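Enquirer: Each chain, written out:
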Amino acid sequence: MRRIIHIVGLLALPIIVSGCSDLGVKPWERDVLAQQEMNLISDPLESSLDDHIYFSKEASSGGKGFGGGGCGCN
Amino acid sequence: MAGKDLEVVAVAVTKKTHKNRELAQLLTAASCALISGLSQGVNAADSWDVDSAFLLYSESDGRVSAAEPVISATKNFDEETKLTFKIAADTLTGASPNGATASDHVQTFTSPSGKGSYNAAAGEQPLDDTFKDTRIALSTNWAAPINRDWAYGVGGYLSKEHDYQSLGLNGSLSRYLNQKNTTLTLGLNLSNDTVNPEGGVPTGLVQVPLSNSDSEFTQRSDSENKNLVDAVFGVTQVINRSTIMQFNYALSTSSGYLTDPYKILSVIDDNAGANFGGNFQSGGRDLYLYEKRPDSRLKQSIYWQTKHQFENDNILDVSYRYMFDDWGVNSHTIDAKYRFRFDNQYLEPQLRWYTQSKADFYHRYLNSSDYSSADFASADYRLGDLDTYTLGLKYGYKFADETEFYTRLSLYHQESSGDKGYGKLTTQELYPGLDAAMLIVGYKF
Chain A
165 MRRIIHIVGL LALPIIVSGC SDLGVKPWER DVLAQQEMNL ISDPLESSLD
215 DHIYFSKEAS SGGKGFGGGG CGCN
Chain B
407 MAGKDLEVVA VAVTKKTHKN RELAQLLTAA SCALISGLSQ GVNAADSWDV
457 DSAFLLYSES DGRVSAAEPV ISATKNFDEE TKLTFKIAAD TLTGASPNGA
507 TASDHVQTFT SPSGKGSYNA AAGEQPLDDT FKDTRIALST NWAAPINRDW
557 AYGVGGYLSK EHDYQSLGLN GSLSRYLNQK NTTLTLGLNL SNDTVNPEGG
607 VPTGLVQVPL SNSDSEFTQR SDSENKNLVD AVFGVTQVIN RSTIMQFNYA
657 LSTSSGYLTD PYKILSVIDD NAGANFGGNF QSGGRDLYLY EKRPDSRLKQ
707 SIYWQTKHQF ENDNILDVSY RYMFDDWGVN SHTIDAKYRF RFDNQYLEPQ
757 LRWYTQSKAD FYHRYLNSSD YSSADFASAD YRLGDLDTYT LGLKYGYKFA
807 DETEFYTRLS LYHQESSGDK GYGKLTTQEL YPGLDAAMLI VGYKF
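Chains A and B supply the protein sequences, listed in that same order.
Residue numbers for the first sequence follow my numbering, so the first one is 165 and each next one is one higher.
Residue numbers for the second sequence follow my numbering, so the first one is 407 and each next one is one higher.
Since the hints were derived computationally from the structure, they do not count as laboratory data.
On a predicted model such as this, the values are computed, not experimentally measured, just so you know.
Take these hints with a grain of salt, some might be off.
[What the hints assert, rightly or not] Listed below are several chain B residues computed to face chain A (Cβ distance under 7 Å; list not exhaustive):
#1 481
#2 567
#3 570
#4 583
#5 650
#6 656
#7 709
#8 718
#9 720
#10 721
#11 788
#12 789
The beta-carbon is built from N, C-alpha and C at its ideal position, and this holds for glycine as well.
With the hints as constraints, model all of the structure from the sequences given.
Expert: This is the structure we're talking about:
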């Protein structure tokens, strides 16, 4: 578990360093984030197809949403 | 009207479960019917967003291949109030590893229904080629604000295969903070699944009978249930004008029948002698046992995702997931996508790396000296030590009317590893890898 925290910390580090001073934006600064491509899941169907494949081929599922399922493939 | 089309198509496809050729045609027809039905809706109301995609999945060496059309339609009442319907169908054919080890002689296996048998040649990975299935899944979701600071969502889904049904309900509640720069979300999902395997529910860790006239078959129940409860707690944070980050903690419990009724294990002879490391004999034939898993599982995961847009408009999307459960499985997943954006086109290379450690009860095979004392055992490679890699490239084109076409080709590679066995078994390939190709074509309008 400690290893995980290290990895996550390392991955987040550049963003924490650059963004910590002023987290967030004013309502009029949302032009970039409002783009459809900037949604965290910008292609829900593509994500659901991927999740379905990985759910049926690996022992893990979920994380970004509910754990998949609804299928006898695993 | 579109709803009625959906029903007709769903019923028609379900009835054709066993006829795969006709099914492929039906699925194509179904997708077309859905698209045409729904586009009429688009013209009429002009406030529907339709998202459609088709997946082709194919494994090397004639193993599983799948086709999956999926379409979703979202009615936008206002910026935050929406109703979504989604229908997906998939059809699978091909051969799937049954769990037994390769052997120095031809092996014969009873088919899951007990009505026939299939063989694996000497030195070859035993694959059950009776494997085929069709699934239809329907889901719907409603999302709306409660007030300036709160929003909620509710949804339900239903999916049906000839040997599996799932019924689920979900809900979520979100709280916006800090001028909507921070969003806290709590989601809950409940599902009730029924497994009704071909040939009935086999008894775990009991010898696979020769045919369905055996008493093991006649005492079987037709179906078993499992219940799932998932909860997700998430924090989404706007970092700056071009960066957004999410952190989730998810808890998932399942209870009931979690075994794969079609998977078996080989029992290997560990008595010193000529057959050391060969298939153990029982009742004059090779001994195979049905697998058996615990009747509950608790999975937990943490998930982190960041999306960042650079000065040149290109977008980096990186995520990491750590999952662990009380079966002893630990996994790490890293997924990275980088989108090069041109005027109305984009090109997106994708990389995914996944590694998992085996479940406590995973055994590639059981030993003749101690198989009878096992409480649980599975040789399903998906519960073993496993590394997988996905390399993909996506291309998209946005038309002037804001519709979008995209296509993606991904290559998926699996590598299993583990205990190499002893005696005769060491000459067999116990952990064959797998390669698969996935092609997705999508259109949003």
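Enquirer: Of the numbered hints stated earlier in the document, which are not met by this structure?
Expert: 1, 4, 8, 9
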